[in-house]
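Q: So the chains spell out like this:
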Amino acid sequence: MKPDLRLIELNVSFLTIPKPMHSTDKNVTQSITQVIAASSLGTLIEWYDFYIFGSLAVIIGQQLFPSDAGASALINTLAIFAAGFIVRPFGALVFGRLGDLIGRKYTFLLTLVLMGGSTFLIGLIPSYSSIGYAAPILVLILRLVQGLALGGEYGGAATYVAEHAPVGRRGFFTSWIQTTATLGLFLSLGVIVLTKNIIGADKFADWGWRIPFLLSILLVGVSVYIRMKMHESPVFSKLKAEGKISSNPLKESFQKKANFKMVLLALFGATMGQGVIWYTGQFYAQSFLENTCKLDFNESRYILLWAILFATPFFVVFGTWSDKVGRKWIMLAGMLLGVVFYRPIYQYFIDATNVKEFEKTELKSATSPIVERGLVKDTKDSIITTTSFKTLQSGMTFKESNVIIIPDDVLAPMPEPQTIIKDVTLPRSTYITIIMLVFFQVLLVTMVYGPIAAFLVELFPTQIRYTSMSLPYHIGNGVFGGLVPFIATLVASFSGSTPLSGLWYPIGIAALSFVIGAVYIDNKGDKNVMD
Amino acid sequence: MNGLKKLLGIVWMLLGPVIIAFLFMQAIDKIAASAEGVARTNTTLQWFIIILIFIPICAGLVIFGYYAWKGEYEHLPESSSDL
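In order, the protein sequences belong to chains A and B.
Each step along the first sequence adds one to the number in our numbering, with nothing skipped, and position 67 is 67.
Each step along the second sequence adds one to the number in our numbering, with nothing skipped, and position 21 is 21.
Where hints are given, some of them may not hold.
Unchecked claim - Heads up, simulated SDA-like pairs for lysine to any residue below, C-alpha to C-alpha not over 25 Å straight-line: (1) A/356 - A/422; (2) A/422 - A/499; (3) A/257 - B/60; (4) A/422 - A/370; (5) B/5 - A/260; (6) B/30 - A/508; (7) B/30 - A/507; (8) A/256 - B/5; (9) B/30 - A/496; (10) A/399 - A/350; (11) B/30 - A/58; (12) A/256 - B/63; (13) B/30 - A/504; (14) A/257 - B/70; (15) A/256 - B/77; (16) A/294 - A/499; (17) A/294 - A/385; (18) A/244 - B/77; (19) A/377 - A/412.
For the record, the hints were derived by calculation from the structure and aren't laboratory data.
Please take these sequences and the hints and turn them into a complete structure.
A: In structure tokens:
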């Protein structure tokens, strides 16, 4: 194949980098620092875009679905949220192929623009009350574009950084990319909480939820500007100059048995378990605290924010450690700890927030009940809601509403009165304990996720690296991980199940991945990513 | 260890179809139990999506098991050139 002379010229300064390097070389370290900063910023913004949807699932459900849809609106919103994850493997194939054919830089520039554009447009979609079912259909389409874009982004960024990193420090350098998913979630939660606090809860629920989506266009603009100034990966450039790039990365990745078996091993022995640990610790925990434990909107998000803040440095700690002791056992230990401790942790969440039980013995004060009367939507049945705000001796507060429905037909059976608990705020000691337990879950995330980029990069050769590592990563994270909130919520809603039943999904997957990883994965990676 | 790898290969080959059968049984059970109307439609759609996603993954697990049973994972590549 004829070498692309323009590319050789553009990257001539970078062709010196792949030589064996030492971290003491200041110029090299500086250029890698720039590479990491530029790559990480774009990836962080992509994660931000992706996660604001999940963080606003309840409000989006209210805006995009009929107002009387109740729990099914949340499940449908989570299904749309999950749809974005499900298409990630397809994005990995489409953009991974492009990345192996035309290069890393331009491919992940494209994914960034697609992600930013679709996020911005989600913020502009009219609500269900304005355009009916067109609203959820439009958001589904844009969510699919987001998923495709993200499917192409991560593999490119991880590959790009790894191909710049010095030998023996790949775990350390790629771990910075690994922080971006969690920081993107942190940023999305921070922007949401800040916006809500500035404009107020009512305005936020009405139109303010759109602001985090619209803000994305500014962040993406900055990131595109920075990425435009980056050079192509030196390893890829060298390969291209030598005419050694793959002509058909998909075929080489998945039709060649020697490579395909490694794709399967990466999926079942590593990314599958890593995905469920990630999404249980950082998504299901918050969803569980808000929807099952009925914690106040801000309180559940602050808990996650604190936990993420304290745990994020451990991505780099475990990434660096993996350079010394190998990637395998750090990742597998994170999975095993999740299998063992998830149920006790979530049982504590339930016990510590069981206000109905505490109320019997610890009620300190209650406001005068506010009585509201009305009609059940689309019927002539009457509804009487009695609401009061209660405080317990421990300092815990909550809103309790008793709902009675009186059928219009006097012969119809009277439905059982319902008690609805909302907006629970915790006493300080319980609040701190829950932060520590969520922190522990995020710590497990850092164990499984910190070393995994280096692990995946080292499994595959340069010609097909983008494609080969992206697919197992996005099936593991997008499908197995991304479905955690949806499947766990679905399982917990079955008759006869308990609030903890949903945890069997991540526990089962993590246990399976642990066994496969422990038996089949080697602890020594390929130290040479230049071939 | 290589014997265990091969033996577990059979387990993975069996596990794939077992998971699919379990999902089908759950889907039939839950769809039958859901209320008529929108709830029934939603439940059917949700289970259709879940099964659609997990069929190729379970097929992958069967292939993985087959490779393990055939001894493909007895010696992993030492470098990318082995691939």
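Q: None of the hints should be skipped; say for each whether it holds.
A: Status of each hint after checking the structure:
no.	hint	result
1	A/356 - A/422	holds, 11 Å
2	A/422 - A/499	holds, 17 Å
3	A/257 - B/60	holds, 13 Å
4	A/422 - A/370	holds, 15 Å
5	B/5 - A/260	holds, 18 Å
6	B/30 - A/508	holds, 21 Å
7	B/30 - A/507	holds, 22 Å
8	A/256 - B/5	holds, 21 Å
9	B/30 - A/496	holds, 12 Å
10	A/399 - A/350	holds, 17 Å
11	B/30 - A/58	holds, 24 Å
12	A/256 - B/63	holds, 13 Å
13	B/30 - A/504	holds, 17 Å
14	A/257 - B/70	holds, 12 Å
15	A/256 - B/77	holds, 14 Å
16	A/294 - A/499	holds, 12 Å
17	A/294 - A/385	holds, 18 Å
18	A/244 - B/77	holds, 21 Å
19	A/377 - A/412	holds, 18 Å
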